Amino acid sequence: MYNGWIFHCDLFDMKRYSLTQAFLFLLKRDLTLSFRNRAEFANPLLFFILVITLFPLAIGAEPALLSRIAPGIIWVAALLAAMLSLDSIFRSDFDDGSLEQLLLSAHPMPVLVLAKVAAHWLVTGLPLLLVSPVLAVMLGMPSEAQGTLLLTILIGTPILSLIGSIGVALTVGLPKGGIILSLLILPLYVPVLIFASSAIEGAAGGLDVSAQLYMLLSFLFLAVSLSPLATASALKMSMG
Amino acid sequence: MPEVALLKIHNLACVRDDRVLFEHLSLSLCREQMLLVEGHNGSGKTSLLRILTGLKMADEGEIYWHETAISESDSNYYERVIYVGHHDGVKRELTCLENLRLVQAMGNPSAIDLDDALEQVNLYRYGDTPVSNLSAGQRRRLALARLVVTEADLWILDEPYTSLDKVSMVLFQTMFEMHLKQGGIIVMTSHHDIDMPAVDVQRLDLSL
Amino acid sequence: MFLWFHKFGSAPHFYRIAGKWIPWLTALFLILLTTGLYGGLVLAPPDYQQGDSYRIIFIHVPAAWMSLLIYVLMAFCGVVIIVWRMKLAEVVLICSAPIGASFTFLALATGSIWGKPMWGTWWVWDARLTSELILLFLYLGVIGLHNAIDDKRIAARAVAILAIVGVVNIPIIHYSVEWWNSLHQGPTVTKFDKPSIHWSMLIPLLLMALAFQFYYALTLFQRCRGELLKRERNSKWVNELSEGNDV
Numbered sequence: 040m041y042n043g044w045i046f047h048c049d050l051f052d053m054k055r056y057s058l059t060q061a062f063l064f065l066l067k068r069d070l071t072l073s074f075r076n077r078a079e080f081a082n083p084l085l086f087f088i089l090v091i092t093l094f095p096l097a098i099g100a101e102p103a104l105l106s107r108i109a110p111g112i113i114w115v116a117a118l119l120a121a122m123l124s125l126d127s128i129f130r131s132d133f134d135d136g137s138l139e140q141l142l143l144s145a146h147p148m149p150v151l152v153l154a155k156v157a158a159h160w161l162v163t164g165l166p167l168l169l170v171s172p173v174l175a176v177m178l179g180m181p182s183e184a185q186g187t188l189l190l191t192i193l194i195g196t197p198i199l200s201l202i203g204s205i206g207v208a209l210t211v212g213l214p215k216g217g218i219i220l221s222l223l224i225l226p227l228y229v230p231v232l233i234f235a236s237s238a239i240e241g242a243a244g245g246l247d248v249s250a251q252l253y254m255l256l257s258f259l260f261l262a263v264s265l266s267p268l269a270t271a272s273a274l275k276m277s278m279g
Numbered sequence: 373m374p375e376v377a378l379l380k381i382h383n384l385a386c387v388r389d390d391r392v393l394f395e396h397l398s399l400s401l402c403r404e405q406m407l408l409v410e411g412h413n414g415s416g417k418t419s420l421l422r423i424l425t426g427l428k429m430a431d432e433g434e435i436y437w438h439e440t441a442i443s444e445s446d447s448n449y450y451e452r453v454i455y456v457g458h459h460d461g462v463k464r465e466l467t468c469l470e471n472l473r474l475v476q477a478m479g480n481p482s483a484i485d486l487d488d489a490l491e492q493v494n495l496y497r498y499g500d501t502p503v504s505n506l507s508a509g510q511r512r513r514l515a516l517a518r519l520v521v522t523e524a525d526l527w528i529l530d531e532p533y534t535s536l537d538k539v540s541m542v543l544f545q546t547m548f549e550m551h552l553k554q555g556g557i558i559v560m561t562s563h564h565d566i567d568m569p570a571v572d573v574q575r576l577d578l579s580l
Numbered sequence: 004m005f006l007w008f009h010k011f012g013s014a015p016h017f018y019r020i021a022g023k024w025i026p027w028l029t030a031l032f033l034i035l036l037t038t039g040l041y042g043g044l045v046l047a048p049p050d051y052q053q054g055d056s057y058r059i060i061f062i063h064v065p066a067a068w069m070s071l072l073i074y075v076l077m078a079f080c081g082v083v084i085i086v087w088r089m090k091l092a093e094v095v096l097i098c099s100a101p102i103g104a105s106f107t108f109l110a111l112a113t114g115s116i117w118g119k120p121m122w123g124t125w126w127v128w129d130a131r132l133t134s135e136l137i138l139l140f141l142y143l144g145v146i147g148l149h150n151a152i153d154d155k156r157i158a159a160r161a162v163a164i165l166a167i168v169g170v171v172n173i174p175i176i177h178y179s180v181e182w183w184n185s186l187h188q189g190p191t192v193t194k195f196d197k198p199s200i201h202w203s204m205l206i207p208l209l210l211m212a213l214a215f216q217f218y219y220a221l222t223l224f225q226r227c228r229g230e231l232l233k234r235e236r237n238s239k240w241v242n243e244l245s246e247g248n249d250v
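Chains as they are written, first to last, in our numbering: chain A, 40 to 279; chain B, 373 to 580; chain C, 4 to 250.
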């Protein structure tokens, strides 16, 4: 009778991927998928630009007024664009069965989730960083504030992706999940919105805004450490 | 030598929409054994398999792997389990080789060369073809190829023969027999007639 | 202790015990309510600044306290659901949500009513009111998510996660909104935060708070009993009940 155990251990070299390698591999996979599916990252960006363009049309193009509300407009638009883009984090994997395979992986799910969220941010959040200076100029934002604008978007949009991933994980199995997603996530976005827009506003007025930026940074650390746990737990639930 | 039960199911129950699909289900599986789950559509076969993988929570009962409950510590379990469900679990925008590389990255890779793995499932020429260009049968073979590129003791297969032609069915049946002979365990459901005389098959009929 | 806990978690046991407690809870609630209202509306002196219009705080403040307390309780249930998978915790969580949402709404409505004679408008973006508004959305999210998921056991776990995430965020949101308010409202004095409060006002306030807690308990028990019947309608003990074999 063949003893299978010897057969398995002896002859083969088990080159199991380390956690870091698995993380980077999954990150690369998601970036590759986004690249081959370009609409996924063009849409939120266009939405961001469009929403911002709507405001001067609605309120009037008076420069003083526009520059006063510019930080708020840009950040509200960023929130909405983030919400729009969130569905794509898990939707495709859920539909074709890749998500359950990831859940069954030998690697801890929170790390895999972090890889996917990181890929998502690189594709949906980072482009906002490139486009926002242009939009800031269009809204008449003073140049002193532009550096702060970029900083808040750099620190803030990953927080949006991380917190948003919890909401998507809770609703990915639902047929009309997108509708309830906004109800779940927008209240949680409020602190980021408050501190980000206030930082830019303060910078425009020449004030020191390091307090706001440090708050944003601490939100980011909190989100990076805790949200993957919640997201992984929620994903496991959605598969049941 | 005493046969040690690797997989033990104890008092498992599953309820869906007020219907009790199964309850008080207990059994154990040793190496070289196969569990064939039978029953009509909706009798809970897929639910049972998903509970075994840990993706679904049972309403009652517990599953033990090497005497440890998987709900308490599942890292050891997931290193030794491969699941192929209704979905193929492959990305359509990636090529066959890229998909297999992902499978290896996420699990316990076997030492086999990926091109050899593709050859074993008759997909040798399709290494760099995106999955979206494959037929349903070819996709299923790719899905089952994950069994070849990883090392695992327990294979949980939900309707593995879906979309496969006769030749492929024979191919995979041989693969399953090999896995069992090498000391593996298989839990499987299938609509097709399974005739594997050389194998120790436990049949579980959920229609009863 | 563990045995008591386990027994308490059993559905038919809870159903019976809760049923016995409800009349007592109702009685206590009514007593506390009447004394609290009497103390607040009649006995307590008028405020030197606001006259008699301040008296709405006897409903507004306890309602706000309850809205927060219930969410924390829900999060606690959430932890119990995730760690111990206790079915009773699932029922308590989902039955508490509408009660908590109602208290939040009550706090918002009374806050708005209070604001009218004070500032002449029905709504001010005061820190406390804005936080309460966001809390209302958090409650609606819990209720909405639970309704959207068909499998109620999965729904319970999803809502458990949401409640835990929410409770972690509530202090962050509260602090952020307060900070935002201090930036934008400037010198507007808010009467919602009294620095010190006379005992003749404090006692009715505490009585009302206690009354609301008993109200929560009795409505919770009633809702839980109903929910338990619905969830376990195919089990033996429910069938025995409906045949009139039990109290």
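Don't read these hints as lab results, they were simulated from the structure.
Note that this is a predicted model, so its numbers are computed, not measured.
Wrong hints could be hidden among the right ones.
What the hints assert, rightly or not - Below, simulated DSSO-like cross-link-like pairs (lysine-lysine); rule was C-alpha separation at most 27 Å, straight line:
| no. | chain 1 | residue 1 | chain 2 | residue 2 |
| --- | --- | --- | --- | --- |
| 1 | C | Lys90 | B | Lys380 |
| 2 | C | Lys90 | C | Lys233 |
| 3 | C | Lys155 | A | Lys275 |
| 4 | C | Lys119 | C | Lys239 |
| 5 | C | Lys23 | C | Lys233 |
| 6 | C | Lys119 | C | Lys233 |
| 7 | A | Lys275 | A | Lys215 |
| 8 | C | Lys233 | A | Lys215 |
| 9 | B | Lys380 | C | Lys23 |
| 10 | C | Lys23 | C | Lys239 |
| 11 | B | Lys553 | C | Lys90 |
| 12 | C | Lys90 | A | Lys275 |
| 13 | B | Lys538 | B | Lys553 |
| 14 | B | Lys380 | A | Lys275 |
| 15 | B | Lys428 | B | Lys380 |
| 16 | C | Lys239 | A | Lys215 |
| 17 | A | Lys275 | B | Lys553 |
| 18 | B | Lys428 | C | Lys23 |
| 19 | A | Lys275 | A | Lys67 |
| 20 | A | Lys215 | B | Lys428 |
| 21 | C | Lys90 | C | Lys155 |
| 22 | B | Lys380 | B | Lys553 |
| 23 | C | Lys119 | C | Lys23 |
| 24 | C | Lys23 | C | Lys90 |
| 25 | B | Lys428 | C | Lys90 |
Are the Cα atoms of C:Lys90 and C:Lys155 separated by 27 Å or less?
This hinted pair holds, its Cα atoms lying about 11 Å apart.
Are B:Lys380 and B:Lys553 close enough, with their CA atoms no more than 27 Å apart?
Since the Cα atoms of B:Lys380 and B:Lys553 sit roughly 20 Å apart, the hinted pair holds (cutoff 27 Å).
Run the distance test for C:Lys239 versus A:Lys215: straight-line Cα separation, threshold 27 Å.
With a Cα-Cα distance of about 36 Å, the restraint between C:Lys239 and A:Lys215 is violated, given a limit of 27 Å.
Straight-line alpha-carbon gap B:Lys380 to C:Lys23, limit 27 Å
violated, 43 Å
Given the hinted pair C:Lys119 and C:Lys239, is their Cα-Cα distance within 27 Å?
Violated: C:Lys119 and C:Lys239 sit about 55 Å apart, past 27 Å.
Holds or violated: A:Lys215 to B:Lys428, with C-alpha atoms at most 27 Å apart:
The hint holds at about 22 Å.
Is the Cα-Cα distance between B:Lys428 and B:Lys380 27 Å or less?
Holds: B:Lys428 and B:Lys380 sit about 17 Å apart, inside 27 Å.
If you draw a straight line from the CA of C:Lys23 to the CA of C:Lys239, is it 27 Å or shorter?
holds, 21 Å
Holds or violated: are the alpha carbons of C:Lys90 and B:Lys380 at most 27 Å from each other?
holds, 25 Å
Assess, step by step, whether the Cα of B:Lys428 is no farther than 27 Å from the Cα of C:Lys23, and give holds or violated.
Status violated; Cα separation ~37 Å.
Please work out if B:Lys380 and A:Lys275 have their alpha carbons no farther apart than 27 Å.
This hinted pair holds, its Cα atoms lying about 22 Å apart.
Hinted pair A:Lys275 and A:Lys67, Cα distance within 27 Å:
It holds: about 23 Å lies between the C-alpha atoms, which stays within 27 Å.
Consistency with the previously given hints fails for numbers 4, 6, 9, 11, 16, 17, 18 and 23, ordered from lowest to highest.
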